[in-house]
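Asker: Sequence:
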Amino acid sequence: TNVRASGTDEALTLTPAVKFTLEQALEFIQDDELVEVTPKAIRIRKRYLTESERKRHGRKKNA
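Going by our numbering, the residue at position 59 of the sequence shown is 53; the numbering climbs one at a time, nothing skipped.
Since the hints were derived computationally from the structure, they do not count as laboratory data. Where is the CB? At the ideal position from N, CA and C, for every residue including glycine. Treat the hints loosely; a few may be bogus.
Think about it this way: if two alpha-carbon atoms lie no more than 35 Å apart in a straight line, the pair counts; the simulated DSBU-like pairs of lysine-lysine are [said to hold, decoys possible]: (1) Lys13 - Lys55; (2) Lys54 - Lys40; (3) Lys13 - Lys54; (4) Lys49 - Lys34; (5) Lys34 - Lys55; (6) Lys13 - Lys34; (7) Lys40 - Lys13; (8) Lys13 - Lys49; (9) Lys55 - Lys40.
Pairwise CB distance ranges (calculated) [to be verified]: (10) Asn(-4) - Tyr42: 37 to 45 Å; (11) Ser46 - Thr9: 27 to 35 Å; (12) Lys49 - Glu17: 29 to 37 Å.
Take these sequences, add in the hints, and give me the full structure.
Answerer: Written out as structure tokens, the structure is:
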């Protein structure tokens, strides 16, 4: 009963992540984003991680 589905697998190609320097990351971010700096990586992330938090704070900002 271990049979694979006969449908075709759709290949998904992803673009590689862009490597930023700290200065580039600070220039690139928007008002709702933060730059996380660790010894091994520089990451850009949203200030409010869940979509419901983003909506809530977006409404407060517009009010």
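Asker: Going through the earlier hints one by one, which of them does the structure break, listed in rising order?
Answerer: Checked against the structure, no hint fails, so every one of them is satisfied.
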